[in-house]
Amino acid sequence: MKRSNAPIFWSLFGAGGILSALIGPVLVFITGIAVPTGLLLPRDLMDYPRMLAFTQHWSGKGFAFVVIALFLWHGAHRIFHSLHDLGLRTETAAKLACYGTALIGTLVAGYALLAVGS
Amino acid sequence: MSRRRPYVRAMDGWWRRDRFFVRYMIREATAVLVVAYAAVLLIGMIGLARGEAAYDRWLEALRSPLSVAFHVVLLLGFLYHTWSWFRIMPKTMPMIVVGGKRIEPRLITGSGLAIAAALCVVLLLVVIRMAA
Numbered sequence: 001m002k003r004s005n006a007p008i009f010w011s012l013f014g015a016g017g018i019l020s021a022l023i024g025p026v027l028v029f030i031t032g033i034a035v036p037t038g039l040l041l042p043r044d045l046m047d048y049p050r051m052l053a054f055t056q057h058w059s060g061k062g063f064a065f066v067v068i069a070l071f072l073w074h075g076a077h078r079i080f081h082s083l084h085d086l087g088l089r090t091e092t093a094a095k096l097a098c099y100g101t102a103l104i105g106t107l108v109a110g111y112a113l114l115a116v117g118s
Numbered sequence: 119m120s121r122r123r124p125y126v127r128a129m130d131g132w133w134r135r136d137r138f139f140v141r142y143m144i145r146e147a148t149a150v151l152v153v154a155y156a157a158v159l160l161i162g163m164i165g166l167a168r169g170e171a172a173y174d175r176w177l178e179a180l181r182s183p184l185s186v187a188f189h190v191v192l193l194l195g196f197l198y199h200t201w202s203w204f205r206i207m208p209k210t211m212p213m214i215v216v217g218g219k220r221i222e223p224r225l226i227t228g229s230g231l232a233i234a235a236a237l238c239v240v241l242l243l244v245v246i247r248m249a250a
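Chain order of the listed sequences is V and P.
Following our numbering, the numbering of the first sequence begins with 1 at its first residue and continues without gaps.
Following our numbering, the numbering of the second sequence begins with 119 at its first residue and continues without gaps.
Next up, chain P with everything else stripped away, as it sits in the complex (with noise of 0.2 Å):
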């Protein structure tokens, strides 16, 4: 056993220090909000998969006061994700240049942004138009 303890640098708390890093920290966090929405559809799809009962177990569990409000919270945590992920996209992606002009980040945050409410207003409207 090493008797040296070399100095480590305490991390408590370095994110609540400032806004910026406390947005970064929001925005980090959603992710475990993707994966708790992902497990709850795996969840469903092992149902379908041992049988109607297993499945409606699933389907009843969907529909309890509890589930609802956490699924309006996954929807909160859905939305923040989608806005900080086109927001930081001029950042992410490579360059683009036209006529000489580097293409404002504005402009790509507001593309994506009008992309994403578009086709989430489509696939709602087909499947309202699936299901009459």
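Chain V with its partners taken away, still in its complex shape (with noise of 0.2 Å):
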């Protein structure tokens, strides 16, 4: 019997998930909303040559990929399943655009995170 990869993605969805539901809000309203408004937080705090460090060094990089790359597959797994539910019946297409997508947007952050060097 062929194994299910559904595992997988749920696996990622629920990491996606759980990571989201603790620190998704403060990290919407600061990039989002402290920061371009000056609420609480310094206008210039996400300057260029500041959030270069912060991506440049480990801790940040990892940081940065695995919120982009697990709200992506959280998202993704996500709406596969909603657009089943909403009674759309081309079900592999739909699992390529979304986890396709995720996929892509991914290596996307990936590259990026390496192309800012350490």
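Keep in mind the hints are simulated off the structure, nothing from the lab.
Quick caveat: nothing in here was measured; it's all calculated off a predicted structure.
Ideal Cβ positions, reconstructed from N, Cα and C, are used throughout, including at glycine.
There's no promise every hint is true.
Unchecked claim - Which stretches of chain V does chain P cover? Using the computed rule of at least three CB atoms under 8 Å from a CB of chain P, they are:
#: 1; stretch: 20-29
#: 2; stretch: 50-57
#: 3; stretch: 109-117
Taking the hints as your guide, dock the two standalone chains into a single complex.
Given below as structure tokens:
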């Protein structure tokens, strides 16, 4: 019997789900609200030299990669199953589109994080 | 070309019939926001890799009122995701039995939400301290 690949996707969905549930709100608040408006945090906190240094350090690199990749895999899995719930019957195409997007995003994130150097 | 036209039950709006299903669909819809936020971060990452000019364009875009409004929507979506994630956690995780009794679902939900709140506050305080 062919082994199912579902547990892999489900694990990525679960890992991304719990990570986004735990720290997603504060990340959105910091990068999208606090820093751009200067609320609680300085507006220049995310300027180029700082963020470059952050992503050049192995811990910042790892953090950024894990957040982007797991959020993508979490969303892809959930959207794929919701499309089924909405009555979409092109199962394989939907699967390719959802997981394919997550895979491409993961590869691009990895490439960009390697490109910034260390 | 087959002339058969098998009956396929319509699935339009089935979830609007029941509040439980509506809540389920809202919960699933948060995934779109999670992907949108990952895309925002990914574009910033690509900017970082391409150089200062590209990155500054991303940073400038984040400062636009439209982006801030969008992030307020994202924040609400993420908060709903956090709440619903831990609310269904008692059903999705393996059962834990302590002293012959199953752990109360409310305890699991409550601890999850408490840990999430604590982590968010600590992370924000750490960033504020680092910025000072």
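Evaluated hints:
1. 20-29: Satisfied; 10 residues make the cut.
2. 50-57: Holds: 3 residues of the stretch 50-57 of chain V have a Cβ under 8 Å from chain P.
3. 109-117: It holds: at least three residues are needed, and the stretch 109-117 of chain V offers 6 whose Cβ sits within less than 8 Å of chain P.
Consistency note: the structure conflicts with none of the earlier hints.
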